[in-house]
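Enquirer: Those sequence lines, one after another, are chains S and E. Everything in the first sequence is counted per the numbering used here, starting at 157 for the first residue and increasing by one. Everything in the second sequence is counted per the numbering used here, starting at -8 for the first residue and increasing by one.
Don't take each hint at face value.
[Stated by the list, open to error] The calculated lysine-lysine pairs, modelled on PhoX-like cross-linking and capped at a C-alpha distance of 20 Å, are:
(1) S:Lys247 with S:Lys294
(2) E:Lys367 with E:Lys186
(3) S:Lys302 with S:Lys247
(4) S:Lys219 with E:Lys302
(5) E:Lys121 with S:Lys219
(6) S:Lys219 with E:Lys340
(7) E:Lys(-7) with E:Lys121
(8) S:Lys229 with S:Lys219
(9) S:Lys219 with S:Lys320
Since the hints were derived computationally from the structure, they do not count as laboratory data.
Residues per chain are reported as follows:
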Amino acid sequence: MKPHTLSVLVENRAGVLSRVAGMFSRRGFNIESLAVGTCEEPDMSRITIVVNGDDGVVEQVMKQTNKLIDVIKVSDLTQRESVERELALIKVAAETGPARAEILQIADIFRALVVDVGAKTLVLQVTGDTGKIDALEKLLRQYGIKEFVRTGKIALLRGAKTVKSSK
Amino acid sequence: MKTGARTLIEALQREGVDTIFGYPGGVVLPIYDELYDSSIRHILVRHEQAAAHAADGYARASGRVGVCLATSGPGACNLVTGIATAYMDSIPVVALTGQVPTALLGNDAFQESDITGITMPVTKHNYLVKDAADIDRVVREAFYIARTGRPGPVLIDLPKDVTTSQVKAGTPVPETVSLRGYQPTYQGHVRQIDKALDLIARAERPLIYAGGGVVLSGASAELLEFMETAAIPVTTTLMGLGAVPGDHPLCLGMLGMHGTQSANYAVTECDVLIAVGVRFDDRVTGRIETFAPNAAIVHIDIDPAEIGKNKKVDVPIVGDVRAVLQALLRRMQKHGDTANWVSRINAWKAQYPLGYGDDGHLRPQYVVEQLSDILKGEGVIVSEVGQNQMWTALYYCFRKPRTWITSGGLGTMGYGLPAAIGAHYARPDMPVVDVAGDGSIQMNIQEFGTVAQYDIPVKVVILNNMYLGMVRQWQELFYDRRYSYTELPPVDFVKIANAYGIEGITVGEKDGVREAIEAALAADGPFVLDFRVEREENVFPMVPAGAAINEMIGVRQR
Ligand SMILES: Cc1ncc(C[n+]2csc(CCOP(=O)(O)OP(=O)(O)O)c2C)c(N)n1
Ligand SMILES: [Mg+2]
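Sequences are here, hints too, so could you generate the full structure?
Expert: Shown next, in the form of structure tokens:
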């Protein structure tokens, strides 16, 4: 069982996301994360899905996703060279001077941005792969994380190669 | 200018629709008004579920797309079981539903239900049309999606303002459909085909396992040629019955939970299994690890998602079954010598025939045998679900494709009578018989009303055991005969039929069976035969849940 990152190119139509998500849940496929948005073609969207499963399960996931009429193309980026990013916002308690200084130092090392400074909290914004965000979250836990939100993963192939509709 | 409803009817006519099964209601009034003087025939059923099953039966008997129509809300929801039934068996149906006006969508308006949401898991695709200008394109796409690739039901939801609004007349309709997200593979990969042929050439004990895909792709002639050329025995699934003649010397009948002993032994012993248009369903395979344990498996199917889904295969071939069989035949240079294997199978067939008690009592198997003997394959047999279905599958000899219509994947009680109505409109030249159980027939018995109104010459053969027999059988075998809520009180089905104006006979003796069936078939109109059969008869052989398919109970030996 390891996470696979799938890039799914779909028609930009009402209901597409619920078709994809519904198929996953009814077939018992576990979605780790999901991100959807517009892409380079105005009439298409790209969904990036991270699923957990052995190779057989992921093969089924891909085939079943491909069967949806509104799905144009499915690729498994895990097998190929790709860049993957997530973004997280972390609201961390920073009530004392020393804590504040330490948090800022950690933020600096992680190249996180301070996007809000409150009397008792800081909000950090960090981008990176899953491991980096997990690491930052772990480090900040000692100060008290008030709120934490992260996007689903998005990913692209490296180099000139693209995930395009075959048409 | 013309209305959306008019546009819809013209679009349906363009698709060659001659019959619609439906039931009216508020938001489909504009469509019904157009149907009033249309050349399309509309059959008014008594429950929308029956409309969906009738469209499905029409599709199975004809190979064309069946069409049903219902109003929004309750009407649309009543279609769902029928749509799911068609979906599980890959049957091309287009379901049209009315919907509340677009301005009210999402408002919990009167008789609003999110039918595209509800049917998403049980349709191949569905549409909510929000602009009448899209009707032509959507209808064209819906029929194309329903009948091509792996067929299946497609639903089109039509808000009332869409069917009443005006569309510019004369807008060109696309001749062909091209969907970038839907491009089925029809031709098998040549390298895979040669790999399969190589296995077949070296096989000593090859077996063909054929299913509904053979019927759907119209590949019976090719399958017959293939099995005869290579002298390979064939077993079929419930859905594949009739794909090859049941009385062919190489045919082993059905495999699986209620398969024949020879078929199940052959699967267990074969060294190459050629799976054609099948999906390794659990009712077929029994314990999957022990299914065809000694075989290299070739799997031919148009749906790539079926390959490797339940069972690892050695040679996957994605493509239309007919096209792939043609390629196999074209490229076959040699085949193995199967004479020893065939004689071993023939020995099994002789040693383990199907059979039942012969003590003069009226048994359901006897009724089906007589029906088979009288019709000799010249009829369309529809079934309900339960023991009646299995006895029909086992004891009726199907000789041609599309003469056996049954709910396999979903196992929907109440399917038979409405599907028989649909089958009649597809094949008015053929006698249509619904073999029913007393439980199942009561699930859509209101369709006697439809049968009577249109004088549809459907013959209903009820194997009346006053039980939900199949469930009772499981209770007998696995729950210590605790018949919890499976006994049904006697019903006088002939009286019910008579109340609708339909003729019928009750038969309680073996002697009267043949005569009764002949009388029913000779009658011009519909006919109901209520056979009071041995109540606690079981369907055997049987593979208990979780067992390997060669571990059958209730076996007989000559
Ligand atoms: C709609 C539906 N409900 C319940 C079942 C479960 N079920 C399968 S067979 C069966 C009994 C069928 O009884 P009957 O029609 O009398 O047929 P018999 O087995 O007695 O021939 C039942 C309840 C089903 N298949 N479909
Ligand atoms: Mg019964």
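Enquirer: Decide, hint by hint, whether the structure agrees.
Expert: Evaluation of the provided hints:
no.	hint	result
1	S:Lys247 with S:Lys294	holds (13 Å)
2	E:Lys367 with E:Lys186	violated (39 Å)
3	S:Lys302 with S:Lys247	holds (5 Å)
4	S:Lys219 with E:Lys302	holds (15 Å)
5	E:Lys121 with S:Lys219	violated (30 Å)
6	S:Lys219 with E:Lys340	violated (40 Å)
7	E:Lys(-7) with E:Lys121	holds (17 Å)
8	S:Lys229 with S:Lys219	holds (10 Å)
9	S:Lys219 with S:Lys320	holds (17 Å)
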